[in-house]
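Starting from the structure of chain W, add chain E with the ligands where the hints point.
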Amino acid sequence: MGKTLKETIKEIIRKHLKNKKGKVFGQCLTAVGWVGGTLPELYEKDGMIELSMADVAGGGIVTGSALMKEKPIYVIRYQGFNWYNAPMIVNYAAKSKEIWNTPCPVFVRGIGMEGGIGPVAGSSHHSLYYRMPGLKIVSPMTPNEYKKIYDSFMKDNEVYYVSEHRGSFNNRIELKNDIKGRKDFVIIAISITRFEAIKAKEILEKKGLKIGIINILWIKPLKVSKASIKCIANSKFGALILDDDYVDGISNSIANKLSHLTNKKIFTLGLSDKSAGFHKRVDNLPPNSSQIVKKIISLIRN
Amino acid sequence: MHKNLRIKIFEKASLCRHFETNAYKFSEKKLIKIPIYLSAGQEFISASLATIINDIYKIKPLIFAQHRCHSTYLSFGGEIDNLIAELLGNYRLSNTKCMGGSASIYSKKINMFGHDGHMGTQVPIGIGACFTSKKPTIVFMGDASAEEDYVLGALGWAATKKLPILFIVEDNNLSILTEKKVRRNWDMHDVARSFKMKGFNLKDSPREIEKYKKFFFKEPMLLNINTNRMFWHAGAGKDSDKTFDRYLKEKKILGKEAEKIDKKFNSMVKKLWEKHLKKQ
Ligand SMILES: Cc1ncc(C[n+]2csc(CCOP(=O)(O)OP(=O)(O)O)c2C)c(N)n1
Ligand SMILES: [Mg+2]
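Those protein sequence lines, which keep their order, are chains W and E. Residue numbers for the first sequence follow this note's numbering, so the first one is 144 and each next one is one higher. Residue numbers for the second sequence follow this note's numbering, so the first one is 739 and each next one is one higher.
Please note: incorrect hints may appear among the correct ones.
[Stated by the list, open to error] Listed next, with one range per pair, are the computed distances between beta-carbon atoms: (1) MET297(W) x LYS798(E): 26 to 34 Å; (2) LYS240(W) x ARG830(E): 13 to 21 Å; (3) LYS240(W) x LYS1009(E): 33 to 41 Å.
Keep in mind the hints are simulated off the structure, nothing from the lab. The beta-carbon is built from N, C-alpha and C at its ideal position, and this holds for glycine as well.
The shape of chain W in the complex, shown without the other chains (with noise of 0.2 Å):
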C-alpha cells in the first residue's frame, strides 16, 4: 500500500530541511500532534522554528526569511488565521520579485478543517490570497499531487499558497478526472470537496445520470485541460463548482471564466453565507453528497 498524504507531506519537509533547502516556521509546531502527523520529529537546530504567537509579525518573518534566498515553508494550523498571517506574504513576498527584481518564495501551508470549531478558525481560506497578483494557489489531495507541487515551487521562484485540508490526510488514493464521453453534467472540485464529489457521482449515475469530474488542483493560475474543457461545453445541462470557502471569491470567479469558455451555465456550491457554531444545527461545513446530489438534480430540473 502506498503512503498516505500526511506521510508524503511529513517526507518531503524531512528532506526539505535535512538537505538544507530551507527552514519550516509556525506556531506550536513540536508539540504534540506534529501538525495532524505531516511534521518530522525535528527541532530548531534543524530548522524547524518555532515563532511566537505574534501572528502578523510571523508572516513578515517568514517572509525575510524567503529574502534570503532560502525556500521557507510557513505552517498556518488553521487556514482562518491567515487574515492575520497573510498580511506581508501577499504585501511584500508577492510584489518583491515585481517591484525589487528580489524573488522572495515562502511555501505556506494553510491548513483547513472544520465541524465543531465554531466561527473563525475552520474552513478553507484561498479566497483570501485570489486576489492579489504574485502568487500561485493550490490545493492538493493526494501524495503525488503534494510531490509534483513541492518540485513545481522548488524549480520556481514565487509564492505558493498551498491549500490543505486535515480531513485528506490519510488520503492514499489518487484521484482522477471522468471526462470520457458526453455528460448530463459536470462536478468541479476543489479542495476536501473532491471527496464527495465521488459519492455524488455514484449517487447520481445509479439515478442514470452521467456525471463528468473535474478536480482542480491549480487553482491559480488555472489549470483545466483543454479535454476538461470540451467535456463541460459538451456537456447536455452544464457544471457545478464544489469549494470548502465561501463562493463570493475562487468559486464564482472560475464559474465566470469557464462559462465564457465553454458557452454553458456554470453554478457553484460552497460554504453558506454564515458563520460557523459549534453545534450540528449551527454548523457551516462544505457541501456533502446529498447536498450536491439535490442541488444538481435540481439544476438539471430547472
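Just chain E with the ligands now, kept in the frame of chain W:
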C-alpha cells in the same frame, strides 16, 4: 569625537541635505510628480551610522528602511543617479522601473531591501532576513511605525533569538502631524529593555550616536534617536520655520571645513539634478 570622523559624517549629511533641498525644489515646481518623503533634518542619523558601520567597522549590513529613506540610501552608498531617476519618473534608469517611488527605494549594491509602503513591515521582514542569514542587519522605523502591533511582536522575537541586529527609531515625534504624546504614554527604549535587549534614548548628534557603536551587531539593540523633520510629511512644504536644524549646528561647529564641504555638495548635487532634468 575625533574631528575627522565628524567631518566624514558631515560630508554624508551634506550630500543628503542637498539632495533633499533639490527634491523639494523640483517637487514644488511639479517636475517631480509623485509623492515624496523628504528626510532633511534627520540626515545625521543615517550619516553617522553609515560612517561608523561602513567606514570604520567595514561592515556591509542588510538594510531595511521605510518611506522616509533617501538619506539612508545615500549615506550607505546608494547610487544618487538612480534615486534622482526614480523621483523624476525616468523608467529606464529607475531601479524599480518606477514601481517603487520615493517610499520603496532599494539597492542590491548596498543590500538595501525595498519597503512595501505599509509602515513597520520592514521590522519583521528585516528580523526574518537576519535570523536566516545571521548577517549584521540594520532596521529603521519611525516613532509611529514602532507602534504597529507587528513591530512590537517581532521585536520580542528578535530579542529572544539574540540576533545581530540594530533597530533605529527615527523619532521625529510625528505621525504625519500627530504628536507622540497624543498617541502613547510609553517610550520605545523602555519597550526594548522590557524585551531584554539594550535600549537607549538619545539625540541625533553624531557624538551621541558614536557612544553606542561598541554594541552594534553584537546582540539586538534599539536606539530611539530624537530628531526633527524639516519639511512636510510628504511633498514640499514646511510645518514651521522654528524647527531645530542639526545640519546648521554641525556646520557652525565644524567651521570653514564644513562650509567648503557644503559648497561642494551644493554644486555637485545641483549639477546632477540638472543633468537628469535635461534628459526628461
Ligand atoms: C500600515 C499602514 N498604516 C498607515 C499608514 C499611513 N501612514 C503613512 S506614513 C505614516 C506616519 C509614519 O510615521 P513614522 O513612522 O513616525 O515615520 P515618519 O513619517 O515620521 O518618518 C502613516 C500613519 C501606512 N503607510 N501604513
Ligand atoms: Mg515620525
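Now the hints, each set against the structure:
1. MET297(W) and LYS798(E) have their C-beta atoms about 29 Å apart, which keeps the hinted 26 to 34 Å range intact.
2. The supplied range of 13 to 21 Å is met by LYS240(W) and ARG830(E), whose beta-carbon atoms lie about 20 Å from each other.
3. Distance hint for LYS240(W) and LYS1009(E): a CB-CB separation of about 35 Å, consistent with the stated range 33 to 41 Å.
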